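Participant: With the hints as constraints, model all of the structure from the sequences given.
Those protein sequences? They're chains A and B, same order as listed.
Quick note: the first sequence uses numbering that gives the first Met the number 0, first residue 0, plus one each step.
Quick note: the second sequence uses numbering that gives the first Met the number 0, first residue 0, plus one each step.
FYI, nobody ran anything at the bench for these hints, they're computed from the structure.
Note that the structure is a prediction, hence the values are computed from the model and not measured.
Beta carbons: idealized from backbone N, C-alpha and C, even for Gly.
You may find that some hints are simply not true.
Claimed, not checked - So the derived label-pair ranges between C-beta atoms look like this:
hint : chain 1 : residue 1 : chain 2 : residue 2 : range
1    : A       : P158      : B       : V107      : 50 to 56 Å
2    : A       : L136      : B       : P11       : 26 to 32 Å
3    : A       : L186      : B       : K192      : 55 to 61 Å
Here is what each chain is made of, one letter per residue.
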Amino acid sequence: MAQPIVTPGPTSPTPRAPRLPRWLFWLIPLALLPLPLYLDQYRQYVVNLILVYVPVAIGFNVVIGNLGLLAFCNVAFFGIGAYTSGVLALKLGLPWWVTILPAGLMGALAGAAASVPALRGVRLFYLAIMTLAFGELLRWVYIRWVPVTGGSFGMSVPPPNVFGWVLDNEGHKYYAFLALAVITVVLTDRLLRSRFGRAFMAIKDNEQAAAAMGIPTDRYILLAFAWSGFVVGIGGSMYAALIGHITPIAFDLTELILQFAVVMVGGLGSLTGSVLGAALITTAPEFFRPFPGFLELLFGVLIVLVILFLPRGLASLLARLHPLFVDRYYRD
Amino acid sequence: MLVARAVEAGYPGKQILFGVDLHVARSEVVALLGANGSGKSTVLNTLSGFVRPQAGSIAFDGEEIAGRPPHLVFRRGIIQVSQARDLFTDMSVEDNLRLGAWVRGGAVAELLDSVYRSFPRLAERRRQQVRLMSGGEQQMVALGRALMGSPKLLLLDEPSGGLAPAFVNEIAAIIKALKARGIAMMMIEQNIKLALSIADRFLILRNGRVSEHHDTRAGRASEEEIVRSIYL
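Facilitator: This is the structure in structure tokens:
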């Protein structure tokens, strides 16, 4: 079998970008380890907030970037994670570290629930509005379910505690957060490089063709949503530990737009981009603080500029600087 | 190998097939002819699982597959190469081919090798984005990708549709080579000359039913006669 059937045409080999050695990645968290020695409590808090937004952006990106579905329920997962962590700590007296996994699992459950419209074939703006409604529905639950959530006033969460060690300053929280951020990045990277990630890519590119290739698309859509919910739920648990007080207003549409901005500015479908976006969008308001009233304006202009000149986000800027930074599981 | 009986299918609010009976034997090539709107594509889409039949049975190697989702039908070895070609246009040639073997995994490298030997043109462009290729080359990617799934039965929806004449000949050569390898095929083809030169048998579909069938091996049917029975 397999004699050439067709005469060869002209050759046009396209080169492949060189690959970055994997171990180099670990230098980044290592280099970040001594950070608390140089930062005051406030700056450390801002850095911690960046670390909260790392899993939040990564999870969001899996669904809207890698899977390519317009689902806007990220804030729902974020809120579920935060409330799960908070309720378990406050009502059951569990230490924070024990609540992290349940927060992720509840997020995953919410993800599975939020995937139902997508599994029924709802797409594009219809999917966007339905998933948006899911987040708002949960916010209504936070407000109405007063005995558990504390209603509009929210609930105060006891200071986080890891193996009996109370994380009572920002520097201590930093190490726990850094570990969680690294774990979520590494696990998501693994997922996206596996055959699961390739299935997401195929579904994003051409869902019908993916099904025709024997890919059970429904199962992978469900998986992407659940993974997104899991990772973002962990982010929610970190948020509860960082802020110490959770209220329904923290999970409203403004927050969703902020998270969307993190993903868009960072770069759709890029893990590196999610991290960069989290860093930029979280710290940008700090730089604009000397100009009261202009903050929102400058913030808006920044986002417009990035979208206008870097439609693939900050990650594409890096990729343009050096082929080593080209994301391998997202092409276009 | 494939036996469909009294298949009724369609889209919400519009039934297209009203009791289609057909069969494909092992290593046999069957052409499906018919006027526009006679339901040819719907037949293929129903066989491959993209359209759920409302009634009737479809047996493949003795197993009932009617109403199974496309990915399970694919696993049985029925692979469709559709008219829209359904390629992953953002991905490279090689990524497309690899996805063709997604279900089986395993000896992907050998399969790739054999597809590249059959299609040297694809080997040279393995890193090229499919979006940037000509219609004929895309059709080759689609066929190559189907071969990656080691098909038992290929469903071809107008393999020569919209291609330049030079490519029509190449694609015809490819399909003949596949036939020589013993792969069973059911093809829709508007180019009747092409269809008759490859097919062992042909069926004519009219208003969602098989109105005639002919065996090209039994004797040459005149082209004109066939065209008349399709359209008049």
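Participant: Compare the structure with each hint and give your call.
Facilitator: Going through the hints against the structure:
Here the CB-CB span from P158 of chain A to V107 of chain B is close to 52 Å, well matched to the stated 50 to 56 Å. Look at L136 of chain A against P11 of chain B: about 29 Å separates their beta carbons, and that is inside 26 to 32 Å. A hinted range of 55 to 61 Å holds for the C-beta pair L186 of chain A and K192 of chain B, which are about 57 Å apart.
In this structure, none of the earlier numbered hints is contradicted; all agree with it.
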